[in-house]
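**Student:** Once you have looked at the hints, place chain B with the ligands on chain A.
Now for the letters of each chain:
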Amino acid sequence: MKNNVILRLFDICAEFDDELILNKINLRIYDKSFVTLLGPSGCGKTTTLRIIGGFEKPTSGKLFFNSLDITDLPPYKRKVNTVFQKYALFPHLNVFENIAFGLKIRKFSKKEIERNVAAMLELVNLKGFEKRGIERLSGGQQQRVAIARALVNRPKVLLLDEPLGALDLKLRKEMQTELKNIQQQLEITFVYVTHDQEEALTMSDVVVVMNNGQIQQIGSPIDIYNEPQNAFVADFIGESNIINGIMYKDYMVGFLGHDFICVDKGFACNEEVDVVIRPEDVKLLEAGNGRLEGVVESIIFKGVHYEMKVDSAGYSWTVHSTLPKNVGSLVGIDIDPNDIHIMKKMEI
Amino acid sequence: MKKLRMLSLPYISWVCMFTVVPLLIVIFFAITTPSGKFTILNISNVGRYFSVIVKSILLASIATFISLIIAYPFSYIISRIGGRTGKIAMMIVMLPMWMNFLLRTYAWMTILEKNGLLNKLLVYLNFSPVNIINTKIAVVIGMIYNYLPFMVLPLVSVMKKIEPSVIEAAQDLGSSGFSIFTKIIIPLTMPGVVSGVTMVFVPAVSTFIISRMLGGGGNLLIGDLIDMQFLGNSYNPHLGAAISLVLMVLILLCMSVMNQFECEDMEGKLV
Ligand SMILES: Nc1ncnc2c1ncn2[C@@H]1O[C@H](COP(=O)(O)OP(=O)(O)OP(=O)(O)O)[C@@H](O)[C@H]1O
Ligand SMILES: [Mg+2]
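Taken in sequence, the protein lines are chains A and B. The opening position of the first sequence corresponds to residue 21 in this note's numbering, with each subsequent residue numbered one higher. The opening position of the second sequence corresponds to residue 73 in this note's numbering, with each subsequent residue numbered one higher.
This is chain A alone, in the form it adopts within the complex (with noise of 0.2 Å):
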């Protein structure tokens, strides 16, 4: 089922006044996939996605389309198109100039042009506004038009930074399916930035989850989520709690003064370790049942779970939970082997 490499990084590093913003990034990116770069504001999306569209050159490394070396190729000649982060459209244009310009550079037939056009137009849900000028549109509206104008010139690949940044959770949402759907229908490779992790999880093929200028983990939605490689992705994926642990031996981790049976193993005797467990998968017991034994500090409703803050002997834990306790109750803790996630301390 695996398609071909269509876009491939090679130890890309990139520099702004003698600082390192991108480290060796490595990465295959697969054609017809949804690929998602996530992770936290100025670590680098950007940077890469303008790399791709050749914006930006890198200060090493290697860039390759088809196996072919494109580091130095000018954006005009890429076969890429890019969906800006701030839209940047013409504003000089109308909907249906905006939308045509790519196809006028490339000399297609009046006909053609407006054919393609319409089609985009039907597409991005904006039939009828073609002599719309650019600052008569809602933000929605031209993020649409962005899309339309990048997609008419079917690229091989389409790059998109925060398209839905500036739009509002419900129009997100609307997006983030007929994106999807645009992706799939068209079989294009699409390159995604964002910084929002569950836009990530939902969309994506493949997650690619960066930090400051390197890549943290490469995987599926699924995965990243279930078993992220350090503490960094766990905690950027969905919140976490974060231990210090220390592992007496496989199987056997210590912390908050407890001894914990889990199921990773091979790290080095008493090695210090980072122990995460989601919110959810804390259990919250009877007074005297379980390991540990906390007092709920906060309780708040989220729609379908609550998130309390349980204090336990100094360490504060957040847990989801459908099952609500009372501010100030005393409560015992436990949690399955299955949950208890080891990672190695990060180095920095």
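Hints listed in this document are in silico derivations from the structure and should not be mistaken for laboratory results. On a predicted model such as this, the values are computed, not experimentally measured, just so you know. C-beta: ideal position from N, C-alpha, C; glycine also. All clues stand as given, with none of them false.
Far from chain B by the CB rule (all over 10 Å, computed), these chain A residues: (1) 157; (2) 208; (3) 348.
Once the Cα atoms are required to be at most 20 Å apart in a straight line, the calculated DMTMM-like pairs of lysine to aspartate or glutamate come out as: (4) 255/B to 117/A; (5) 303/A to 331/A; (6) 77/A to 240/B.
**Tutor:** Frame of chain A; chain B with the ligands shown alone:
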């Protein structure tokens, strides 16, 4: 809304006192005889100076056009430099403006004179000297030198507003060099071109100092003509007012033609 209107009161009265009232006086003078009777003779007499008017418009147009050609690439470079260097470059453009207008024009007299700096340089370099002073060329040079900053300023300000990402988007869609210039930069800078052209053309077409100092006696422009009716030996304020009025109408016409360009551009944007 009401408060706003109150606030604008001082300005409105200022405009009335120093713009509307003088304008009415000019119109009054233009259509009356010295004894205060109505006449259209003054205005019809302006026709006698048709050739002067044409020459003024021609020279001002040439100066405006050359200013645009010089200022456009220059402004583009300044707008892209930005930061400290950009500010310094802008300062250098504005520097001559801090000197007195007459002084600046005198300086050009000494440069262009028969035995002026330019000819001395040419002779020194073994070229034959040129005769520029007291010609139309000298007048055009003076206009360009004096009014160039008025072209640069609006151009730089519109060019600074062009987002780099818009240019990148054009590259992304397959444009390179020349087509980015014609398809993106020129249309986006049109408003600056229009205001720059207006700001250079209007003072250039009505100047009298430049033409007198650099053009000698043989290159009278409308401005000189008006000046002579008030301060010169052919004292006739009624004719002067009539010429001013005609000049004003001409300028308004030119401006509305220019604005037409801008409007068309806007229409492409809005409809
Ligand atoms: N032109 C530039 N000059 C200097 N530093 C830059 C430049 N562009 C980006 N940087 C720096 O590079 C780092 C990464 O920037 P980048 O725009 O790639 O982040 P990002 O992951 O896209 O963040 P965000 O989610 O906020 O958009 C930041 O620390 C930023 O300050
Ligand atoms: Mg970014």
